[in-house]
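Colleague: Produce the complete structure using the sequences and hints provided.
One letter stands for each residue in the lines below.
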Amino acid sequence: MPTRILNKSWLIKSIFFISAFVILVIGGTTYKKIEDLSQSSALLTKTYKTNVELEKIFSHLKDAETGQQGFIITNDPIYLEPYHTGRENINYSFAELKVLGSDNTTLQNNLKELNILIDKRMEYFEKAFRFSSVGNYEDQNFNENFSNGKKLMDTIRVKIKGMIDSENQLLNKRQQTYDSDLKLTPMFLYMVLLLSLVLMFLTYSKIISDLKKIKSANEQLEIFKESTEQSEIIGKQGNWIWDIEESTFIYSDNLYRLLGEEPQSFKPTLDNFLNFVHPEDLEKFRKDIDRMMTYADLSFIHYRIVQKNGATKHFKACAKLHKNVDGKKQLLGITTDITDEIEHFKTLEERNLELERNNKELSAFNYVASHDLQEPLRKIQTFLSRFEDKEASKLSDSGVLYVDRIKNAATRMRMLIDDLLQFSRTNKADKAFEVADINTLLENAKLDLAESITDENAIIASNHIPSIKVIPFQIQQLFSNLITNSLKYKSNDRTPEIRITYSKVIASEEPRILRPKKPYYHKIKFSDNGIGFDNKYAENIFVLFNRLHNKHEYSGTGIGLSICKKIVENHQGFIFANGKPNIGATFTIYLPFL
Amino acid sequence: MHEDYINIILADDDEDDRLFFSDAFDELKITTRVKTFNDGVYLMDYLNSEGTVLPNVLFLDLNMPRKSGLECLQEMKKNDKFKDIAIAIYSTSASEEDIEKTFVMGANIYIKKPNDFKTLKKVLEEVVTINWQYYTNGLNKDNFLLRL
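Protein chains in written order, with my numbering: chain X, 1 to 594; chain Y, 595 to 742.
Note that these hints are calculated values from the structure, not bench results.
Certain hints may be false.
To be verified - Pairs of lysine-lysine residues, derived as DSS-like cross-links and limited to a Cα-Cα distance of at most 25 Å, are as follows:
| no. | chain 1 | residue 1 | chain 2 | residue 2 |
| --- | --- | --- | --- | --- |
| 1 | Y | K715 | X | K379 |
| 2 | X | K523 | X | K490 |
| 3 | X | K151 | X | K225 |
| 4 | X | K379 | Y | K716 |
| 5 | X | K390 | Y | K623 |
| 6 | X | K236 | X | K225 |
| 7 | Y | K623 | X | K469 |
| 8 | X | K407 | Y | K715 |
| 9 | X | K150 | X | K62 |
| 10 | Y | K735 | X | K446 |
| 11 | X | K151 | X | K62 |
| 12 | Y | K735 | X | K390 |
| 13 | X | K225 | X | K13 |
| 14 | Y | K716 | X | K407 |
| 15 | X | K518 | X | K469 |
| 16 | X | K267 | X | K212 |
Modeller: Okay, structure coming up:
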């Protein structure tokens with residue numbers, strides 16, 4: 001989240017620059033507008049003044065005319081006063097108009113023309129005075145002069161009127177510009193102000209929303225920090241950051257606790273940490289640290305530390321080289337207290353050794369049982385057979401009976417030893433599983449028992465069974481034991497029949513499989529038509545040395561089916577028995593798909 | 595005359611077994627010359643001495659003091675002189691391990707000592723009358739252990 005906010009800061013930056021630009025533009029434009037306004041207003045004033053001066057000229061001219069007429073009628077020089085002052089005032093006004101029209105060529109030209117007209121008019125005035133001073137009013141020249149003066153006066157009137165009109169036109173134009181300037185300027189200023197306000201608001205809301213995001217990101221960081229701290233305590237872990245270039249450290253609180261110290265109770269430096277490292281591990285630790293700095297990623301390093309209270313702890317640490325925002329190299333590390341693990345491991349190792357010893361003792365016992373115990377028994381049996389061959393004829397009836405009893409006991413002893421050996425050898429250790437043709441294993445088992453099968457005229461029928469991953473000789477043993485069992489407990493009323501059927505099943509659909517380890521199983525069923533058994537013994541018959549019948553009725557050691565169970569269990573499978581007295585027994589084997 | 599006898603040697607530390615062995619051959623109607631030795635050291639001394647008539651079949655017990663049957667087997671297989679002797683392992687136990695080991699080391703047959711005298715006679719008769727050349731060619735791990 002913080003990086004996202006950082007990345008968005010360009011937006012705020014650009015808004016700031018746009019706003020600054022807008023404000024500059026506003027300043028510039030406002031200055032320009034005010035300048036324009038004052039210029040328009042100055043022009044207006046000029047035009048007004050020009051008009052006033054022109055009006056003045058005409059009025060002075062009129063005054064002069066009136067004065068002239070008064071003088072001609074009365075011949076009183078008092079009437080000549082306005083004429084003289086009029087002439088003077090006209091000159092003043094011309095001077096004024098020249099200044100006002102300095103930037104207006106039309107006005108200047110018009111003024112020149114007007115000046116000529118006024119000069120001519122004045123000339124007519126002078127002439128008229130000359131005629132009037134001699135009192136020659138009947139003179140034709142006087143009349144002509146008078147009427148010319150009148151005509152000229154009309155021309156001047158028209159000229160001044162035209163000049164005023166053109167000035168008025170200019171005035172109108174300037175008035176319009178001024179008005180439009182006056183109207184547009186506030187509008188423009190207002191719009192620009194509005195725009196900058198909008199921009200300011202955008203910036204403001206952006207900053208506020210970013211602040212909110214930063215705040216919530218900070219909250220999340222806080223939560224994350226808290227949960228990290230908790231998990232560090234529970235997981236017995238400590239974090240550290242090592243700024244390699246500046247050689248400064250940051251330890252997490254829990255790292256101090258792992259060292260048996262109060263959080264942040266001493267300055268986190270390499271030397272201070274080395275003080276805790278077990279003296280025997282110090283050299284190796286230094287080398288490991290050097291390697292950590294050289295290689296970016298490093299596998300775990302192991303070392304011991306000694307806490308101040310003298311307790312030794314086993315630590316495991318790993319680190320990763322990281323470059324921070326400024327491009328500085330940092331080593332980010334995790335240190336874990338693995339003392340418990342190591343102690344558990346040690347206990348486990350000791351137990352394993354003990355188990356190994358026990359196993360060795362057991363196999364030694366196996367050897368003793370197979371070799372040393374069998375040897376004297378074999379001799380007893382062989383000597384008995386020699387004795388029977390050579391000495392039987394010399395014995396009394398009871399002597400023959402005793403020899404027979406000894407023979408039976410020895411045979412039973414041999415069976416027991418053989419079966420026990422078989423049982424103890426039926427284990428999984430170092431027996432390789434391989435994909436085997438189960439049909440062949442079944443045929444081999446039948447071959448081993450060919451003699452008794454022929455003797456009993458037994459019928460053994462089987463389905464095709466697919467190849468399965470098994471310990472082959474054990475499965476052969478299993479089949480052999482099951483067939484032997486069926487033949488032994490055959491019914492005397494009928495020919496023994498064993499039916500072997502195969503199917504592939506889903507564990508969840510087989511109610512007898514309570515805790516399946518695999519989803520699919522091979523189901524192999526051995527059904528016979530023997531004497532069967534009461535179903536309440538269905539579980540007991542697999543127990544070692546457990547027999548349902550007296551050994552005088554049926555020979556047997558009570559080990560055969562226990563071996564079957566052990567073999568099936570070695571294959572992570574299940575075996576179940578199901579019996580109906582005098583009808584038959586069924587043995588169901590489930591072998592998992594491996 | 596020599597050639598008509600089948601020369602047989604048994605190395606076994608057990609006195610009773612040596613007795614059964616000799617008795618069995620006495621009762622069999624085969625012309626054999628049976629020699630027995632108490633352990634591997636005696637056996638190898640005899641076989642290695644000059645002028646010894648090498649046996650046709652050697653019965654070797656595995657568990658013997660001083661020098662075991664396995665050691666004798668190893669020594670004999672190293673020496674070309676003994677390559678024509680048929681070696682029968684003759685042992686109380688028939689553990690998978692022993693069978694496997696002796697087969698790999700080059701023994702010709704594995705006999706588990708029988709429990710009665712009649713079977714013993716049958717086994718020994720079978721073994722000494724085997725056509726070894728033919729038998730050895732078809733030898734594999736499954737028929738290595740003699741089954742009767």
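Colleague: Taking the hints in turn, state whether each one holds.
Modeller: Against the structure, the hints come out as follows:
Of the pairs offered as hints, the one joining K715/Y and K379/X holds, with about 15 Å between alpha carbons and a cut-off of 25 Å not exceeded. The straight-line distance between the Cα atoms of K523/X and K490/X is roughly 24 Å, inside the 25 Å bound, and the hint therefore holds. Annotation: proposed proximity of K151/X to K225/X is violated, straight-line Cα distance about 109 Å (limit 25 Å). For a cut-off of 25 Å, the pair hint linking K379/X to K716/Y stands: about 17 Å separates their Cα positions.
A threshold of 25 Å between alpha carbons decides the hint, and for K390/X with K623/Y the separation of about 18 Å falls inside it, so the pair holds. Using a Cα cut-off of 25 Å, the hinted pair K236/X and K225/X holds, with the two alpha carbons roughly 16 Å apart. Restraint check: the Cα-Cα separation between K623/Y and K469/X comes to about 50 Å, which exceeds 25 Å; the hinted pair is violated. Distance restraint check for K407/X and K715/Y: the Cα-Cα separation of roughly 19 Å lies within the 25 Å cut-off, and the hinted pair is therefore satisfied.
For the hint linking K150/X to K62/X, the alpha-carbon distance of about 11 Å falls within 25 Å, and the restraint holds. Straight-line distance between C-alpha atoms of K735/Y and K446/X comes to about 19 Å, which keeps the hinted pair within the 25 Å bound. Restraint check for K151/X and K62/X: the C-alpha separation of about 13 Å stays at or below 25 Å, so the hint holds. Under the criterion of a C-alpha separation no larger than 25 Å, the hint pairing K735/Y with K390/X is inconsistent with the structure, at around 38 Å.
Restraint check for K225/X and K13/X: not satisfied, since their Cα atoms lie roughly 32 Å apart, outside the 25 Å limit. As the CA atoms of K716/Y and K407/X are separated by approximately 20 Å, the hinted pair is consistent with the 25 Å bound. With a C-alpha separation of about 14 Å, the suggested pair K518/X and K469/X falls inside the 25 Å cut-off, and the hint holds. With a CA separation close to 35 Å, the supplied pair K267/X and K212/X exceeds the 25 Å bound.
The structure does not agree with the numbered hints 3, 7, 12, 13, 16 stated previously, though it agrees with the rest.
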